[in-house]
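Engineer: Sequence:
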Amino acid sequence: MFAVRRSAAPVRQLLRQQPRRFESHAAHDHHHHHQGPVNESFGPSFYVAVSTFAASFLLYRISKASDDSFISRLITKYSPDQKVFEERNAIHTAALEQAAADRHLFVGATRQDYVDLRSTEVFNAGSPFNVAPGSQADLSKIAAHYHQKNQDLEVDRVARMKDGKVVSIFD
2 MFAVRRSAAP VRQLLRQQPR RFESHAAHDH HHHHQGPVNE SFGPSFYVAV
52 STFAASFLLY RISKASDDSF ISRLITKYSP DQKVFEERNA IHTAALEQAA
102 ADRHLFVGAT RQDYVDLRST EVFNAGSPFN VAPGSQADLS KIAAHYHQKN
152 QDLEVDRVAR MKDGKVVSIF D
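Per the working numbering, the sequence shown starts with residue 2, numbered consecutively.
Rather than coming from a laboratory, the hints here were simulated on the basis of the structure. Check before you lean on any hint, since a few could be wrong.
EDC-like mimics (lysine to aspartate or glutamate), calculated; alpha carbons at most 16 Å apart, straight line [what the hints assert, rightly or not]:
hint, residue 1, residue 2
1, K150, D164
2, K150, D117
3, K142, E122
Please take these sequences and the hints and turn them into a complete structure.
Structural biologist: What follows is the structure, given as structure tokens:
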């Protein structure tokens, strides 16, 4: 550790001292040779900036010559006529009136209050265990009604097949 301190001490003193600078102008003034004055032009960027300013001022003056601005004239040139807007509004109003009439038609229609029973077993879809006595309704009349309805449909189908109006896929 002491050896490191001994070797670092001279380095520390060198780092603390400011180096001497020999940059005085008085001492070196006689060595420099000054050149004569040079003719410098403004350069192309100056002329581009001035011409851009002049062109924009001229364009502004030309556009202010009429009552409407250039942008307003451009918009009126490419905007459709008022008649087109009236036709669009009339079509839109007719479509909305038709949609409202259709909505009133569907909302005012009577709903089917029953669902056609395809199978009587739908009522017995619950668990057969833990059924309280008297909780089940007698469905024999409903089953007989739908059984009769299906028989009538089958008789009509067979009669149509005999007349030749319907061809069965099973024959």
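Engineer: Enumerate the violated hints, using their earlier numbering and listing them in ascending order.
Structural biologist: 1
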